[in-house]
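Protein chains in written order, with this note's numbering: chain A, 1 to 139; chain B, 1 to 139; chain C, 1 to 139; chain D, 1 to 139.
Among the hints, a few may not be true.
The list cannot tell twin chains apart, which means a pair is met if one copy fits it or any two copies do.
Said to hold, decoys possible - Below, a list of computed lysine-lysine pairs in the DSSO-like style, where the Cα atoms sit at most 30 Å apart: (1) K43 to K75; (2) K52 to K103; (3) K75 to K52; (4) K52 to K71; (5) K52 to K67; (6) K103 to K79; (7) K43 to K103; (8) K71 to K34; (9) K67 to K103; (10) K34 to K67.
Hints were generated in silico from the structure; no laboratory data involved.
There are 4 protein chains.
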Amino acid sequence: MKNEILESRIVVASYELDSFGHVNNAVFLNYLEKARGDFMTLKGLRFDDFFKWRRYPVVGRAWMEFKYPAKAGDKLLVKGVITKHTAASFTLRYEVINEENRKLVLTGETFHVFVDDNNRPSRIPEEFYEQFIANNKET
Amino acid sequence: MKNEILESRIVVASYELDSFGHVNNAVFLNYLEKARGDFMTLKGLRFDDFFKWRRYPVVGRAWMEFKYPAKAGDKLLVKGVITKHTAASFTLRYEVINEENRKLVLTGETFHVFVDDNNRPSRIPEEFYEQFIANNKET
Amino acid sequence: MKNEILESRIVVASYELDSFGHVNNAVFLNYLEKARGDFMTLKGLRFDDFFKWRRYPVVGRAWMEFKYPAKAGDKLLVKGVITKHTAASFTLRYEVINEENRKLVLTGETFHVFVDDNNRPSRIPEEFYEQFIANNKET
Amino acid sequence: MKNEILESRIVVASYELDSFGHVNNAVFLNYLEKARGDFMTLKGLRFDDFFKWRRYPVVGRAWMEFKYPAKAGDKLLVKGVITKHTAASFTLRYEVINEENRKLVLTGETFHVFVDDNNRPSRIPEEFYEQFIANNKET
Chain A
1 MKNEILESRI VVASYELDSF GHVNNAVFLN YLEKARGDFM TLKGLRFDDF
51 FKWRRYPVVG RAWMEFKYPA KAGDKLLVKG VITKHTAASF TLRYEVINEE
101 NRKLVLTGET FHVFVDDNNR PSRIPEEFYE QFIANNKET
Chain B
1 MKNEILESRI VVASYELDSF GHVNNAVFLN YLEKARGDFM TLKGLRFDDF
51 FKWRRYPVVG RAWMEFKYPA KAGDKLLVKG VITKHTAASF TLRYEVINEE
101 NRKLVLTGET FHVFVDDNNR PSRIPEEFYE QFIANNKET
Chain C
1 MKNEILESRI VVASYELDSF GHVNNAVFLN YLEKARGDFM TLKGLRFDDF
51 FKWRRYPVVG RAWMEFKYPA KAGDKLLVKG VITKHTAASF TLRYEVINEE
101 NRKLVLTGET FHVFVDDNNR PSRIPEEFYE QFIANNKET
Chain D
1 MKNEILESRI VVASYELDSF GHVNNAVFLN YLEKARGDFM TLKGLRFDDF
51 FKWRRYPVVG RAWMEFKYPA KAGDKLLVKG VITKHTAASF TLRYEVINEE
101 NRKLVLTGET FHVFVDDNNR PSRIPEEFYE QFIANNKET
């Protein structure tokens with residue numbers, strides 16, 4: 001059975017452009033966050049669950065390489081895959097693709113650590129592990 | 001025949017929240033802009049057309065009343081209607097509704113003036129008038 | 001003795017522009033929020049105090065009229081004054097001025113209601129009243 | 001004589017926080033952009049110069065490592081240094097430091113390529129080279 005995968009469709013909004021008419025680099029980190037959120041929703045998780053679990057995923061590193069500009073109205077597909085995880089952390093690798101011309105817009109990676117209310121690293125919540133990570137590993 | 005109407009569906013992203021866990025007030029102006037953009041797309045217009053026409057819609061006034069908070073993952077419906085227009089300007093009134101509990105989240109209004117390359121008021125581009133305004137007037 | 005007043009200096013950043021090269025309308029609500037934050041700091045209050053008091057100011061209405069565009073590098077002065085308050089709410093009126101050419105960039109107004117952890121209206125925290133409101137009323 | 005250096009002071013605004021009460025990761029890319037802009041201003045350059053030169057710096061890669069969270073009201077110092085450049089590109093390395101507790105908040109790097117109106121790589125504008133790059137190289 002094919003696993004559900006982490007992917008998200010985004011239509012570039014005019015307020016996400018900079019003066020050069022391209023999506024500003026910082027906005028792509030928002031797109032990656034949106035893709036993670038959409039995948040949580042798909043797996044029956046909610047953003048509020050982090051507060052219920054009292055464990056919060058903090059971005060420890062982010063890396064992006066910009067290949068092709070995105071403009072207002074562009075239809076983008078964000079795809080992500082877990083490439084690595086430990087008891088407390090996980091790494092996602094992404095591709096963003098322009099769905100009309102199939103150009104690769106961006107490759108990127110984010111590394112996340114779960115912390116508790118005192119900002120100390122803590123185990124990945126079990127439900128998050130099962131829904132978000134176990135089903136989404138690179139094969 | 002029923003006209004196509006200005007409406008847009010938005011899922012609240014986690015990066016749009018403030019520390020109180022609610023969508024920040026400024027973000028709603030983005031949502032209204034997104035709804036206008038989606039309606040342009042629906043009518044076959046593109047954001048780049050403004051540069052082709054060399055006439056640009058500038059927000060002259062904006063007004064919002066916040067009725068009910070929006071949180072991460074909320075599914076919102078933004079509905080807009082043209083309430084007034086002149087040769088160079090138009091006014092849109094909006095409602096944002098939470099699609100799950102049907103609560104009214106926001107009412108708002110934006111007033112737009114077209115300007116030319118010298119920032120002087122200028123006529124609404126004909127194609128924009130026909131596609132965006134004529135079909136979307138309040139009845 | 002002249003009271004300390006709510007004013008804040010902002011230099012427009014390039015990432016705050018839209019494709020027309022102007023500060024996007026939503027960004028001005030951020031500027032108004034920044035001005036409120038700077039005034040809190042000036043009066044010895046901190047954003048975290050809201051969590052200590054367990055009372056949070058929610059924006060109930062916002063209104064802006066845009067008079068003159070702002071561009072990258074513009075030096076703006078945001079001035080605010082409390083025009084009204086009740087036991088649970090207050091209203092601020094703003095002017096944003098371009099400090100180089102003295103043009104009026106924006107006039108606006110925000111209305112804020114304090115709510116408690118259950119999102120119910122609640123009294124303005126005493127310390128906030130004394131520092132932020134009592135000293136800053138329109139005369 | 002000590003060169004003027006690329007550094008920028010930022011006070012974290014409440015609208016830059018996420019629900020965890022920390023500055024969202026994407027916002028730091030804005031801070032780095034602000035630091036570049038402030039340095040341009042210091043050297044007598046303006047954002048509009050890119051349009052005059054018809055050459056535009058595009059972010060080709062960005063990398064950030066988050067060391068310590070930033071919260072509302074934090075006073076941050078962003079420091080940058082050019083670590084490398086070619087005829088058409090340059091690389092900046094950054095540190096963001098909390099000015100009160102001297103903690104290292106972030107290290108990062110951005111790589112920029114100049115493009116022309118057709119999005120083709122093109123030489124660094126001479127004035128930009130002299131003001132922004134020549135004076136700011138790592139020693």
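Indices of hints not satisfied (ascending): none
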